[in-house]
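Respectively, the protein sequence lines represent chains A and B. Just so you know, we're using the UniProt record's numbering here: the first sequence kicks off at 1 and counts up by one. Just so you know, we're using the UniProt record's numbering here: the second sequence kicks off at 1 and counts up by one.
Simulated from the structure, these hints should not be mistaken for lab results. Keep in mind that the hints are not guaranteed to be accurate.
BS3-like, lysine-lysine: derived pairs with alpha carbons at most 25 Å apart [stated by the list, open to error]:
(1) A/K473 <-> B/K203
(2) A/K233 <-> A/K131
(3) B/K233 <-> B/K131
(4) A/K473 <-> B/K438
(5) B/K203 <-> A/K251
(6) B/K229 <-> A/K203
(7) B/K131 <-> B/K203
The chain contents come next:
There are 2 protein chains.
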Amino acid sequence: MELRLSVCVLLLFCAAENSNGGKILVWYSEASHWINMKPLLETLVDRGHQVTVLVPSTSLFMNSSEPSRFQYEPFDVDVSFEDLEKIFETIIHFFMYEMDFMNPFEIYVTFYDLMKNNKNITFKFLDGVVKSEPIMKKLKEGNYDLLFADPIYSGGDLTADILGIPLVLSLCFSLGNNLERMCGQLPAPPSFVPGAASKLTDKMDFSERLSNVLFYALQDVMMEQILWKEIDKYYSEIRGTPTSACELMGKADIWLMRTYWDFDFPRPLLPNFKFVGGIHCKPAKPLPEEMEEFVQSSGDAGIVVFSLGSMVKNVSTEKANMIASALAQLPQKVLWRYSGQKPETLGSNTRLYNWIPQNDLLGHPKTKAFITHGGANGIYEAIYHGVPMVGIPMFGDQPDNMVHMEAKGAAVTVKFNFMTTESLRDAVNMVINNKSYKENAMRLSKIHHDRPMSPRDEAVFWIEFTMRNKGAKHLKVQAHELTWYQYHSLDVLAFLLIIDLLLIFILFKSCSFCFKRCCSSYRHVTKRKIN
Amino acid sequence: MELRLSVCVLLLFCAAENSNGGKILVWYSEASHWINMKPLLETLVDRGHQVTVLVPSTSLFMNSSEPSRFQYEPFDVDVSFEDLEKIFETIIHFFMYEMDFMNPFEIYVTFYDLMKNNKNITFKFLDGVVKSEPIMKKLKEGNYDLLFADPIYSGGDLTADILGIPLVLSLCFSLGNNLERMCGQLPAPPSFVPGAASKLTDKMDFSERLSNVLFYALQDVMMEQILWKEIDKYYSEIRGTPTSACELMGKADIWLMRTYWDFDFPRPLLPNFKFVGGIHCKPAKPLPEEMEEFVQSSGDAGIVVFSLGSMVKNVSTEKANMIASALAQLPQKVLWRYSGQKPETLGSNTRLYNWIPQNDLLGHPKTKAFITHGGANGIYEAIYHGVPMVGIPMFGDQPDNMVHMEAKGAAVTVKFNFMTTESLRDAVNMVINNKSYKENAMRLSKIHHDRPMSPRDEAVFWIEFTMRNKGAKHLKVQAHELTWYQYHSLDVLAFLLIIDLLLIFILFKSCSFCFKRCCSSYRHVTKRKIN
């Protein structure tokens, strides 16, 4: 009781300090990144803060004319909707239909080319803000207390620096943990911290540790070539002085990492890295009446929820028929988010929806399993509600996310390009009938809920902390001021090695000198004796 | 409001789960370690847990016949009170009166001898528990849910392992962070993490980084010689199988580190390391009437609080007179905890006390400065209340603690053996009259208070978490399963080096072969031409 009371008093104290509310500028993002961000921003508005979101004129998911409790700061970008859509489609097509039939080298080269070719889009979006005088004038006049950004969308760090305001980042992961390691100085020993998207776990044998070391190295080379070289040039041009984008990102006061130890493998962290995985999760609300009726009609068998996420709406007719056949063989009722043509093999137990209230369905007591593409948002909703998963990962972090869930015993994965009616059906039956999957999902759910604060409350606390204190410098390690060789004490080790070699050299020379003297005396004596 | 409510609901949920209370076994400790532990144990009793403390028959600070809300489990040790007191006095005398006049090598050797000679005491205390059949029988029958220990007092890990119960450690620091690094796998790059007791800060130039690397190495060698070799032998004898004490300590579920970023320099941490510095701090209570009158008589000048801690009660007459002279020259009233003979030079502004309510005095609005030996408990009370300090550090972590406070601009240090009336007086005047010291103390106080949970609540949460979940395995990094060379990927790097060398060798041999073939053809052609 005392514990609860004192926490409440503490938070009351903090809330009181913030009673006037702060002014938060939010950097634009896209797709699941934006979906994930919204509930946190809603909470910030609830707590009396003014939230202003930068919205590009071309976006797949952001819309500045949508009624909202946020203020919008729209800006023009020289990219058409069709071009943007085409880019996303090309990337998704590569991951869904090409990658599985390539060797690792081809994958790496193709991915490298895809990223490199599309990097200009990043700059066109960034132009819309930092090269636009009216926008920058407005932002300066806005007197914001903080800039909040997902660093996957470049430029938040540059803008925060120009405006001279604190920066809070929110990030699920970067390829090979490149941003966290190189810019945030987060230690990630490759022996037990698998690189994000490496599909490795924290339990690695020699060959896996070797792969992980190479994966880190390759990602660092790729990021240097794709991102840092070009973006440093761009930032330097804007600032009029040599500027390192990674150093600017390193100035962030707080990194809100959207993972936790229910999903991620435990690893070293830093005081300004807060692990708030599941930041968007919330209790389930009642379902629409028609949907609730369908769910209740499942009886004891229960339901299966199926969605391939916000980016993939349709699959090929052949694939859709194969999936529908598998679902038709399940004793459960199935709710499938699918906006393509109705598959011919669709069973009477399966209903198609253009959109489903995914979180409310996952939190429904009748839900037995979740068939998912393995996006982090969906996985976290399943963890929150303790639902075992069947993963059909396709792109980005999805395959890696499913590796995490499989390693923790809460999921089975099937490969999109190689799955059959039987393998999909068997996978769903497995996670429903083998009790260990539900037990492990419930164990992860317990870990998720049993922490001192909910992830969203923790994120809100540190955002408000940064505003109250105009930064969070006392949480930043001194490593940011060191070069890479100083960080690893290589200069010290080199110095000690030189001293060692010098001592050995002196010892050798001394011994050699003594030996010569001895020999010379001996020869002298022997010679005299002979004479 | 929503934030506060949801935190309350979360904690209510956790509290409800613990409504029956757990059974906590507390390992014995001594001096400030025991003083620090008590308020946390009181809170655990308040929350309905049964707390049983192992108390040795010989102790300077623990007393099993003292009325208390804890249960005591007394055990016999074959050490007399006089012997124990003598050991502490010898150590304190070395630090207070000898060390300042020795070179670093002499200090190291003397300290090494002191520790080595006194290690048998550790085993005699440990004998009293693990070699005592009646005690071990009682502990086994006690069905404890958790063992709580300060690992500076060896054996808690062994006993938890024998009893098969989870282990929570509470630790301020170990010399050169040896326990945290070697057993807890806490990353501590020597380039920006100064070894505990090294008197370095996190801002180090080349020579300081060199010192830190050597300091870490020397501490590791010393700990291996003093502690690990002998204790591994002892543990192996008890367990009847080769046992590594460091590995047993590494099994701890949670490490409650009694520091935070108000006091310590920010550094890498691990998910099962919780930084709860100031765990014992609490708001000030009203002073005894006579003391309050004296404090009020100080007027606007205010008061200075002076204590050399629980271990040092008296100093030499000469030193006492020198200190009293300095205090007499202050415009403030001074409350000095001192049980020696009244110094001749004692001013009318100074009163001596056998004991002072230190926390209540530090929290008094009239308090202007705190003259302290630099113990972590006292420093945390000063941080809690935002009081600038003058340090007269003497032994253990005290000099290092004061380096931290000086680096953060909240203290001035004077050297016990070299201070004069003037230097002590000037130091006190400095921290009172130069506003930056008070401002920095208040800044640290703000950092201390402005966190999601109070340190004691956080410690209680993780102790209860460990009991509820019978451990906290999901927070433990996989590094515990790696050898040191695997951890640092040295086997992987060696493999890559060999592959590189092989490739170079093959390349060299191929070139050499081609070159020879070319030369041979050339010679052949030339020869034929000549012929």
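Tested hints:
With a C-alpha separation of about 14 Å, the suggested pair A/K473 and B/K203 falls inside the 25 Å cut-off, and the hint holds. A hinted pair counts as satisfied when its Cα atoms are at most 25 Å apart, and A/K233 with A/K131 qualifies at roughly 14 Å. Under the criterion of a C-alpha separation no larger than 25 Å, the hint pairing B/K233 with B/K131 is consistent with the structure, at around 14 Å. Distance restraint check for A/K473 and B/K438: the Cα-Cα separation of roughly 19 Å lies within the 25 Å cut-off, and the hinted pair is therefore satisfied.
For the given pair, B/K203 sits about 17 Å from A/K251 by alpha-carbon distance, which is consistent with the 25 Å threshold. At roughly 30 Å between alpha-carbon atoms, B/K229 and A/K203 are farther apart than 25 Å, so this suggested pair is violated. A hinted pair counts as satisfied when its Cα atoms are at most 25 Å apart, and B/K131 with B/K203 does not qualify at roughly 47 Å.
Checked against the numbered hints above, the structure violates hints 6, 7; every other hint is satisfied.
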